[in-house]
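Knowing the structure of chain S, use the given hints to seat chain L on it.
Chains as they are written, first to last, in numbering that gives the first Met the number 0: chain S, 0 to 430; chain L, 0 to 32.
Treat the hints with caution; some may be incorrect.
[Stated by the list, open to error] In silico lysine-lysine, DSBU-like type, Cα no more than 35 Å apart, as pairs:
1) Lys-72/S with Lys-368/S
2) Lys-368/S with Lys-1/L
3) Lys-1/L with Lys-134/S
4) Lys-72/S with Lys-1/L
5) Lys-134/S with Lys-72/S
[Stated by the list, open to error] One-sided excerpt, in silico: chain S residues whose CB lies under 10 Å from chain L:
6) Pro-82
7) Trp-87
8) Gly-91
9) Leu-94
10) Phe-104
11) Glu-108
12) Phe-133
13) Val-181
14) Ala-182
15) Val-188
16) Met-189
17) Lys-199
18) Leu-225
In case anyone wonders, no lab produced these hints; they're calculated from the structure.
Backbone N, C-alpha and C define an ideal beta-carbon position, used for all residues, glycine too.
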Amino acid sequence: MSSGATAADSRSTISLHRLGVFCGLAAAVWLGSAEAPTKLVNEGFSPFLISMGMVMGAFVARWSLPTVIKGTKFLFADLRDKPHLIVWALLGGMLWAVGNTLTIFAVREVGLAIAFPLWNTNSLVGLLWGCLLFKELRGSRPRDWAQVLGGATAIVYGAAVLAVATAERSGGAQHRALVGIVAALGAGVMFGTMYIPYRKAYISGMNPLSLVTIFTFGELVTITVLGLVFYGGAGNLMAELHRARPMLFWPFVGGFCWVIGDLFQQYAAKYIGIGRGIPLSNTNQLWGLAWGALVFAEFDGLSPWGRARIVAGSLIMIAGAISISMAAPPASELENWNAAMHRECARYGLDSVSVAAVVRGDDPLAGLKHQRRWWELLIMLAAFGVFVWLALGTRAQHIAVSLPWMIVLTIGTFIPLVVVGTMLYRRTRFS
Amino acid sequence: MKSTAFAAILTDAHLWVPVVVLILGIVLLMTLR
Numbered sequence: 000m001s002s003g004a005t006a007a008d009s010r011s012t013i014s015l016h017r018l019g020v021f022c023g024l025a026a027a028v029w030l031g032s033a034e035a036p037t038k039l040v041n042e043g044f045s046p047f048l049i050s051m052g053m054v055m056g057a058f059v060a061r062w063s064l065p066t067v068i069k070g071t072k073f074l075f076a077d078l079r080d081k082p083h084l085i086v087w088a089l090l091g092g093m094l095w096a097v098g099n100t101l102t103i104f105a106v107r108e109v110g111l112a113i114a115f116p117l118w119n120t121n122s123l124v125g126l127l128w129g130c131l132l133f134k135e136l137r138g139s140r141p142r143d144w145a146q147v148l149g150g151a152t153a154i155v156y157g158a159a160v161l162a163v164a165t166a167e168r169s170g171g172a173q174h175r176a177l178v179g180i181v182a183a184l185g186a187g188v189m190f191g192t193m194y195i196p197y198r199k200a201y202i203s204g205m206n207p208l209s210l211v212t213i214f215t216f217g218e219l220v221t222i223t224v225l226g227l228v229f230y231g232g233a234g235n236l237m238a239e240l241h242r243a244r245p246m247l248f249w250p251f252v253g254g255f256c257w258v259i260g261d262l263f264q265q266y267a268a269k270y271i272g273i274g275r276g277i278p279l280s281n282t283n284q285l286w287g288l289a290w291g292a293l294v295f296a297e298f299d300g301l302s303p304w305g306r307a308r309i310v311a312g313s314l315i316m317i318a319g320a321i322s323i324s325m326a327a328p329p330a331s332e333l334e335n336w337n338a339a340m341h342r343e344c345a346r347y348g349l350d351s352v353s354v355a356a357v358v359r360g361d362d363p364l365a366g367l368k369h370q371r372r373w374w375e376l377l378i379m380l381a382a383f384g385v386f387v388w389l390a391l392g393t394r395a396q397h398i399a400v401s402l403p404w405m406i407v408l409t410i411g412t413f414i415p416l417v418v419v420g421t422m423l424y425r426r427t428r429f430s
Numbered sequence: 000m001k002s003t004a005f006a007a008i009l010t011d012a013h014l015w016v017p018v019v020v021l022i023l024g025i026v027l028l029m030t031l032r
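For reference, chain L alone in the conformation it holds in the complex:
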């Protein structure tokens, strides 16, 4: 993939919404364990 494609991915809100939710989910899982 070209560097422009990486930049497009990293600046895409569609990426960060699921990433943040995933991190929160993992934190929740570790807290509940």
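The following block holds chain S by itself, in its conformation from the complex:
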């Protein structure tokens, strides 16, 4: 028996649907927790600058984490094998950057309470593209349609209930309602469309860790161009960044955490599709809420009615997530997934046997040891150096936090990282 076969035999046998569901839920925890560091910024900096800080953290994470997990030799080989997907990876990053900037406009004009549920519709947009372009849900039973569509709608509705309840405390200002609503819906369409590159990459056998290393260039370049346009040139942008220097560490950490969540989201999109994976990761609002309520005491003084709405919104979201989790694709739907994969193989001359193996989590290269390169150490040192440099220049933000709850939620955030990360490794070797 070959060593490859032995490695495959020793793998976990958890179903890909269950693994994808766990990845979606772990994504929600980390995407929600990524909001926590940005809450530590209280000096009235522009949301655009905070977003830029997050993109910088994301850029560092999107290079250092894949390098640690897989090594650059594997990543470059994967990219060389499917070079056409570089176009989609860049497009995905650009869509994210434009969408994220639209959310800033939306929050400014109509407040988070109205804007958040509107851009949370991205899961429904993703579901539409998944069905139209990648044959997701095609051939499934009416019960599966009802579970997935109903679950996704419940998550969006739960988001709306939570957002309205939290607005009671924050009192979102409403200046130009129509502009804000259009911006929020636009952001939802951008984010929902961003999942097209995700899904395309994964039915072509690309590793999520390879995709994100290119995705981040689209993200960084677009946000920089938008920054230059909005601030009226490089001089003004640099001056603003310099002024924001004492707080940049926090959005940077947020961006880093966001990438961990996004990686789980990518694996969810790979193993259960965007129609099921994205609504699950969109329950991140629950975790953001937990940080806000327990650590930052954002809801002290909330009326009993407001608290009841928060509980109701959370329960609706959880019910939606459970509904989707139970909708494993039947064999007739999986045949359509297979057809979408073969379409990619035929169009781009990919080896369908090898791609099929990667799609089912059995990448033949994943179990092999890849020789490490000297520059990987440099990448790690550079990432660590940026963290230290930003941390040293950070001014203390005077915000009251509950330390015990912070410890509890931090531990609660790391548990899915370890547990789901181990599941992913044992089942797929991160393929």
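Then chain L, alone, in the frame of chain S:
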């Protein structure tokens, strides 16, 4: 990449859907600014 690969990319609906959405998003952003 070979020219056939370029042709495959340029005639792929999976490319044009996100490209059109991205262009509309940029136009929207510039309009709202």
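A quick look at each hint next to the structure:
no.: 1; hint: Lys-72/S with Lys-368/S; result: 10 Å, holds
no.: 2; hint: Lys-368/S with Lys-1/L; result: 31 Å, holds
no.: 3; hint: Lys-1/L with Lys-134/S; result: 28 Å, holds
no.: 4; hint: Lys-72/S with Lys-1/L; result: 23 Å, holds
no.: 5; hint: Lys-134/S with Lys-72/S; result: 33 Å, holds
no.: 6; hint: Pro-82; result: 5 Å, holds
no.: 7; hint: Trp-87; result: 7 Å, holds
no.: 8; hint: Gly-91; result: 8 Å, holds
no.: 9; hint: Leu-94; result: 6 Å, holds
no.: 10; hint: Phe-104; result: 5 Å, holds
no.: 11; hint: Glu-108; result: 8 Å, holds
no.: 12; hint: Phe-133; result: 9 Å, holds
no.: 13; hint: Val-181; result: 7 Å, holds
no.: 14; hint: Ala-182; result: 6 Å, holds
no.: 15; hint: Val-188; result: 6 Å, holds
no.: 16; hint: Met-189; result: 5 Å, holds
no.: 17; hint: Lys-199; result: 5 Å, holds
no.: 18; hint: Leu-225; result: 7 Å, holds
Checked against the numbered hints given earlier, this structure breaks none of them.
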